[in-house]
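> These are the residues of each chain, in order.
Protein chains: 4
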Amino acid sequence: MNRKIRMGMVGGSIDAFIGAVHRMAANLDGQIELVCGSFSSNHEKTKATAEALFIDPKRAYATFQEMIEQETKLPDDERMDVVSIVTPNHLHFEPAKLALQNGFHVVCDKPVTFSVAEALALEKIVASSGLVFALTHTYTGYPMLKEARYLVKAGKIGKIRKVVVEYPQGWLSCSLESAGHKQADWRTDPKRAGISCCMGDIGTHAENLAEYVSGLHITEICADLTTFVPGRQLDDDGNVLIRFENGAKGVLHASQISAGEENNINIKIYGEKGGLQWEQKENNTLLLKMLDKPVEILRTGGNGLSSKAATANTRTPAGHPEGYLEAFANIYKNFALAVKAHKEGKPHDYETLDFPTIKEGVRGMLFVEKAVESAQKGAVWVKI
Amino acid sequence: MNRKIRMGMVGGSIDAFIGAVHRMAANLDGQIELVCGSFSSNHEKTKATAEALFIDPKRAYATFQEMIEQETKLPDDERMDVVSIVTPNHLHFEPAKLALQNGFHVVCDKPVTFSVAEALALEKIVASSGLVFALTHTYTGYPMLKEARYLVKAGKIGKIRKVVVEYPQGWLSCSLESAGHKQADWRTDPKRAGISCCMGDIGTHAENLAEYVSGLHITEICADLTTFVPGRQLDDDGNVLIRFENGAKGVLHASQISAGEENNINIKIYGEKGGLQWEQKENNTLLLKMLDKPVEILRTGGNGLSSKAATANTRTPAGHPEGYLEAFANIYKNFALAVKAHKEGKPHDYETLDFPTIKEGVRGMLFVEKAVESAQKGAVWVKI
Amino acid sequence: MNRKIRMGMVGGSIDAFIGAVHRMAANLDGQIELVCGSFSSNHEKTKATAEALFIDPKRAYATFQEMIEQETKLPDDERMDVVSIVTPNHLHFEPAKLALQNGFHVVCDKPVTFSVAEALALEKIVASSGLVFALTHTYTGYPMLKEARYLVKAGKIGKIRKVVVEYPQGWLSCSLESAGHKQADWRTDPKRAGISCCMGDIGTHAENLAEYVSGLHITEICADLTTFVPGRQLDDDGNVLIRFENGAKGVLHASQISAGEENNINIKIYGEKGGLQWEQKENNTLLLKMLDKPVEILRTGGNGLSSKAATANTRTPAGHPEGYLEAFANIYKNFALAVKAHKEGKPHDYETLDFPTIKEGVRGMLFVEKAVESAQKGAVWVKI
Amino acid sequence: MNRKIRMGMVGGSIDAFIGAVHRMAANLDGQIELVCGSFSSNHEKTKATAEALFIDPKRAYATFQEMIEQETKLPDDERMDVVSIVTPNHLHFEPAKLALQNGFHVVCDKPVTFSVAEALALEKIVASSGLVFALTHTYTGYPMLKEARYLVKAGKIGKIRKVVVEYPQGWLSCSLESAGHKQADWRTDPKRAGISCCMGDIGTHAENLAEYVSGLHITEICADLTTFVPGRQLDDDGNVLIRFENGAKGVLHASQISAGEENNINIKIYGEKGGLQWEQKENNTLLLKMLDKPVEILRTGGNGLSSKAATANTRTPAGHPEGYLEAFANIYKNFALAVKAHKEGKPHDYETLDFPTIKEGVRGMLFVEKAVESAQKGAVWVKI
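Line order of the protein sequences matches chains Y, G, H and L. Its first residue numbered 70, the first sequence is counted upward by one per residue in our numbering. Its first residue numbered 70, the second sequence is counted upward by one per residue in our numbering. Its first residue numbered 70, the third sequence is counted upward by one per residue in our numbering. Its first residue numbered 70, the fourth sequence is counted upward by one per residue in our numbering.
It is possible that some hints are incorrect.
Identical copies look the same in the list; a pair holds intra-copy or inter-copy alike.
Calculated lysine-lysine pairs in the PhoX-like style (CA-CA distance at most 25 Å, straight line) [as the list claims (entries may be wrong)]:
hint, residue 1, residue 2
1, Lys377, Lys428
2, Lys377, Lys350
3, Lys114, Lys127
4, Lys73, Lys193
5, Lys116, Lys409
6, Lys142, Lys225
7, Lys116, Lys73
8, Lys142, Lys251
9, Lys228, Lys127
10, Lys116, Lys193
11, Lys166, Lys228
12, Lys362, Lys452
Because the hints were derived from the structure by calculation, they are not lab data. The structure presented is a predicted model; accordingly, all values stated were derived computationally and were not measured.
Generate coordinates for the entire structure from the input sequences, incorporating the hints supplied.
Here it is, written out as structure tokens:
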């Protein structure tokens with residue numbers, strides 16, 4: 070199969086934020102071609118988006134249902150292969166389901182669905198479809214987090230004892246939603262975001278990061294969620310004690326009212342023999358802190374890396390910074406390669422060319438549901 | 070009164086760690102003279118310490134009781150003015166009490182006592198003595214934390230919403246206590262350290278920092294304490310959710326098994342209008358993060374500082390790094406000035422030349438007691 | 070003209086380094102489509118590259134001459150619009166010349182040519198062609214350097230007094246060229262690289278950065294160039310004193326034997342009222358250091374930026390790191406927009422959507438020539 | 070000899086800057102006692118300083134000559150042992166000479182004298198006196214620079230190829246001297262500072278650092294010195310190409326008009342096998358960059374240090390930052406120990422407990438003289 074993977078997009082009209090990010094990520098490695106879309110509930114906006122993206126106007130569909138229906142009818146050498154879903158949370162499940170049921174692989178923004186029920190339902194649909202499903206938990210696309218995961222798995226830092234994971238943002242410190250800010254609007258709206266704002270939007274990133282790097286499941290949490298901004302309907306801050314299956318403990322906190330913070334997701338993980346530290350601000354650096362040795366600075370593309378995954382997901386020599394879009398593109402590239410392998414009936418190397426799947430999506434939704442449950446009961450311990 | 074303050078020391082023989090730190094801190098500004106001591110329960114060791122410190126052998130006392138008794142008999146122009154207590158936790162209360170009861174001002178290492186009961190008793194003794202009592206919570210001696218406290222108090226960052234305070238260390242990742250490590254030995258021994266190792270030793274520093282900078286009391290905590298190292302009798306790690314009197318929330322975690330961490334105490338505090346960030350590793354920097362402005366780097370001795378306290382506790386021009394000993398020395402210097410003022414019947418400027426007192430000592434002991442109580446009940450919320 | 074710009078590439082076969090970088094940069098924003106190429110002097114390798122890139126095998130040309138000849142014959146709606154040249158230095162001039170003479174816009178890797186003579190000749194060809202010519206001095210693509218240039222131009226830091234620009238690398242610390250390392254091989258070969266290795270390859274980046282940010286020409290230099298690795302034919306290190314047209318002074322040094330350095334290009338620029346500091350390692354940060362104010366941290370996509378150029382060349386919200394490929398992509402995107410404007414007979418906004426041109430190419434070649442002349446005379450002052 | 074070293078001070082009245090720094094440095098380790106002084110040419114100011122420092126008013130001398138004369142007459146168990154000289158440059162030689170000729174050891178601020186002639190004369194006097202002479206080039210007191218020197222000497226990074234040393238300051242960006250700023254006033258006055266301001270005051274620090282860490286002499290320089298501030302009589306900025314005895318090359322620049330810089334002295338040194346990097350801003354960190362290994366973060370008091378000198382000059386466990394005063398105190402402490410050894414007729418361990426001496430003083434003065442000579446000839450190469 071010597072051609073690019075053809076992609077249709079649901080959501081992501083020209084005035085949206087995350088749609089453009091998905092497109093750049095899909096573009097970067099030249100493995101994917103955007104051929105159609107239903108970018109907005111407003112068909113005019115969809116058409117304008119298609120034009121701006123140099124897409125055939127005939128393939129600027131009014132609805133995702135229409136897109137899937139029409140594309141299904143196209144000949145093999147034209148039809149889209151995959152659907153990318155970049156809508157708000159309440160609009161993930163239906164297009165994902167329809168796409169999978171019609172034979173299209175799916176890449177979907179996170180959190181995977183509106184509710185745990187939807188997530189579990191989708192998990193079954195993915196399984197029965199046999200198709201590829203990717204979830205864009207961007208941060209696990211960073212090469213240095215792949216290295217961290219590998220080092221933990223290889224036992225380098227010993228049995229894990231403690232994980233501290235943070236995702237502080239400050240952008241919702243004021244009530245942007247009442248000022249007409251589109252991103253703030255839907256994220257703080259229970260009808261579109263679900264039962265949580267902060268935990269759903271970025272707490273899930275933190276949870277995903279903790280489980281990805283540690284290779285451990287969080288089994289119990291105690292979550293103190295707060296809505297600080299008057300009039301807001303959902304949480305904008307959360308502090309969570311966490312316990313892992315192996316007895317490790319930790320802290321997870323996420324916030325959208327940490328004034329002055331950008332997108333400062335970071336993780337520190339400690340084992341019996343050493344520790345690891347990573348933060349998005351310096352995403353190309355992973356600190357390895359062994360007991361009784363000087364701290365080592367592991368670098369994207371640099372000396373002394375252990376994992377094939379870090380190398381396979383790096384594009385430039387050490388010192389030429391890779392960033393957020395490259396991490397995002399790793400998910401798209403690996404998804405595209407998995408789709409290609411699927412089409413060719415070949416195996417995909419999920420160890421080296423990994424990406425988050427429906428499994429991580431379900432974990433995230435469970436985390437959100439349990440965090441909200443814990444908080445509503447007064448911040449008590451609940452099992453996941 | 071134109072002379073140095075004369076000091077006697079309890080504990081701190083030449084092979085101890087913190088005694089030497091106290092002495093350097095007391096030396097730095099030339100306001101204090103060490104004239105006598107009861108440095109060890111072993112009189113030979115006390116004598117050797119006195120010799121190494123150029124102290125008159127006659128004033129190398131066998132016990133603190135003897136020191137206080139004999140010094141009391143000395144003439145006015147020889148007698149020590151203050152007692153510095155640098156023993157393990159279980160040996161704070163008695164010498165402090167005796168010193169105060171005999172008219173000597175006291176500077177004491179933290180945590181202030183072995184138990185809350187002792188702390189409360191000591192609080193009364195201090196009050197009735199009318200003497201000066203300083204507690205060496207070193208970190209509040211840093212100029213940039215004084216600036217932070219001032220900015221919060223002045224309303225610069227608005228009403229406080231969130232505080233994240235961490236004190237990770239890694240030095241107790243292995244069982245040093247079973248290898249004969251003196252510092253590890255007493256800190257992990259309930260008979261000498263009290264009911265907690267990690268919370269008592271460094272959790273109190275974190276708690277003190279949070280209350281100092283925020284100007285708020287912690288009113289409720291949920292503490293998940295763990296002993297990770299097999300055979301250890303006390304906690305070596307603790308993750309704590311915290312709530313403040315004004316409705317602010319936060320996270321406090323402290324650890325002695327965070328492998329690879331040195332003494333990485335740090336705090337982030339967020340208000341409605343901005344945030345502040347400080348870490349010991351770069352103690353001369355305070356980040357001020359206002360909503361809608363670029364982050365500003367406030368620096369010890371640098372441009373644009375607001376507080377008199379920061380300036381008054383700084384010794385060198387910006388860019389000549391001050392450090393831990395200077396912060397420690399600020400406590401000693403301010404204590405010495407308060408003692409001098411007391412002797413001269415003058416007021417001391419506790420705003421500008423501040424130091425922790427018995428009040429902070431009691432807060433710390435309450436925090437430890439409540440953290441242990443919370444943990445023993447399964448990490449539930451308890452009020453302080 | 071509602072379509073992507075069509076691009077042909079000269080050089081950049083699948084085993085080359087910089088070709089892949091150019092392609093990712095061209096892909097990112099979805100403005101450019103790679104339609105043909107003469108990727109290698111080996112036609113088989115060109116064909117394999119075309120296949121890997123999903124390019125029509127008929128447009129995998131044996132030579133750049135053939136590519137230009139054949140593409141010229143194609144109908145308007147198929148023919149490439151621009152040629153991207155990513156060959157070693159000695160193979161820039163001829164394809165650039167031929168492309169321009171046949172009406173194709175050109176984007177070319179740096180240094181622009183093999184010699185000053187070629188650069189000056191090419192300058193005339195560009196001028197007479199009336200076509201768009203872009204030079205990929207990547208670093209000026211970083212948003213924070215665009216902000217720095219703007220701030221200097223707007224007089225924010227006052228009249229410039231001093232510029233310190235560094236580009237240390239360590240990768241040529243050993244004789245990689247004798248170990249068959251392809252990139253090392255041609256860069257150290259006078260027949261392909263020209264009269265300089267270090268100054269030509271990265272000294273020009275430093276020179277370009279200094280002139281770009283300061284808005285000033287370097288008028289005089291004193292260059293101490295050295296070949297440290299035995300057997301190497303060209304310089305691998307250079308220390309240069311520089312003087313600017315307005316009386317400012319400075320230092321430029323570049324090195325390929327600074328062991329342990331990655332690609333640590335950085336610049337500090339000081340005026341009468343303040344200073345600016347940027348380094349590639351933290352490319353999303355620009356420090357603004359005004360006299361008598363705290364240092365401000367300006368951030369890609371962050372608060373308080375002054376320039377339209379920074380914003381227009383940023384893709385993600387503050388805190389989602391952009392990197393080297395995004396900077397590179399800014400050159401390609403702005404080039405594509407300029408080509409599009411040219412085709413539509415509209416003006417291009419060179420202030421906001423800037424990219425390096427033949428002018429910067431000539432400056433770079435002059436710098437190299439004069440640096441080598443200075444060094445050969447014993448590191449004496451020469452005028453540029 | 071079981072007592073503190075007794076010190077007299079020349080210069081450093083209460084309104085001076087560096088005198089207080091010297092006193093704190095001398096105090097810190099409790100090895101030195103300030104017993105007398107001639108702190109100012111104004112006797113009243115000297116008396117006031119003595120009072121503030123709790124010094125016997127009888128030992129507040131009108132002139133340094135009187136101090137030396139009177140102290141000489143005192144009995145053995147009272148007389149000062151050493152003289153500390155903290156006056157402006159033109160007042161170093163005479164008191165140093167007189168002190169040495171009367172049997173007093175000397176510690177002196179840098180640059181050592183007003184001129185090379187004086188430095189060479191003093192070198193002879195020191196030699197013939199057989200006494201201890203220390204020069205307070207503070208920066209070599211930092212433990213991590215001692216580690217760096219050791220690693221270079223031990224061959225860890227191989228034969229040295231390149232040294233980059235910088236000392237940017239911004240405090241003289243405006244004409245403080247015309248605003249009555251005392252420190253600016255004498256430093257910019259040829260009668261008191263000598264032939265150079267910037268090179269003499271801080272260029273010598275950079276030169277000292279380069280030679281200290283590399284263990285190599287600078288043999289040739291090309292210096293472009295500038296006076297940027299109108300009306301100033303001496304240089305306030307200098308950019309210098311340097312060549313070392315072993316063929317290594319480098320850059321040294323120092324500046325007092327680098328707006329926004331504090332005291333950002335830093336050094337990078339590259340050998341055939343690796344590199345080292347240190348900066349005052351993070352003085353407790355030394356980066357070790359070996360070819361083909363991850364960069365290691367060596368830390369004051371931390372894991373994996375190689376040198377006895379680093380350990381012997383460290384006071385606190387890793388992570389409790391030491392700073393400028395501790396570095397300064399290392400010079401005083403080691404000087405005191407050398408004086409003590411001298412008095413006891415024992416050898417001093419100059420490898421582990423090192424401090425700068427008259428030798429470094431002469432090197433510094435030669436550097437200044439040659440830099441000015443080079444600059445006056447148009448920035449040409451001159452030999453040192």
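> Could you run down the list of hints and mark each one as holding or not?
These are the hints, each one checked on the structure:
When the C-alpha separation of Lys377 and Lys428 is checked against a cutoff of 25 Å, the pair qualifies only within one copy, where the shortest distance is 23 Å, while the shortest distance between copies is 43 Å. Taking the closest pair of Cα atoms, Lys377 and Lys350 come within 25 Å of each other both inside a single copy (23 Å) and across two copies (24 Å). In this assembly of identical chains, the alpha carbons of Lys114 and Lys127 lie at most 25 Å apart only when taken from the same copy (14 Å versus 38 Å across copies). Proximity of Lys73 to Lys193 under the C-alpha cut-off of 25 Å is found in neither arrangement, the shortest distances being 28 Å within a copy and 40 Å between copies.
When the C-alpha separation of Lys116 and Lys409 is checked against a cutoff of 25 Å, the pair qualifies only between copies, where the shortest distance is 21 Å, while the shortest distance within a copy is 29 Å. For a Cα distance limit of 25 Å, the shortest separation of Lys142 from Lys225 qualifies neither inside one copy, at 52 Å, nor across copies, at 60 Å. Both within a single protomer and between protomers do Lys116 and Lys73 lie at most 25 Å apart by alpha-carbon distance, with minima of 23 Å and 17 Å respectively. Taking the shortest alpha-carbon separations for Lys142 and Lys251, neither the intra-copy value of 35 Å nor the inter-copy value of 49 Å comes in at or below 25 Å.
In this assembly of identical chains, the alpha carbons of Lys228 and Lys127 never lie at most 25 Å apart, being 56 Å within a copy and 54 Å across copies at closest. In this assembly of identical chains, the alpha carbons of Lys116 and Lys193 never lie at most 25 Å apart, being 34 Å within a copy and 44 Å across copies at closest. Proximity of Lys166 and Lys228 under a CA criterion of 25 Å is satisfied in neither setting, with 39 Å inside one chain copy and 46 Å between copies. In this assembly of identical chains, Lys362 and Lys452 lie within 25 Å of each other by CA distance neither inside one copy nor across copies; the values are 38 Å within and 42 Å between.
Hint compliance for this structure: hints 4, 6, 8, 9, 10, 11 and 12 are not met, and every other hint is.
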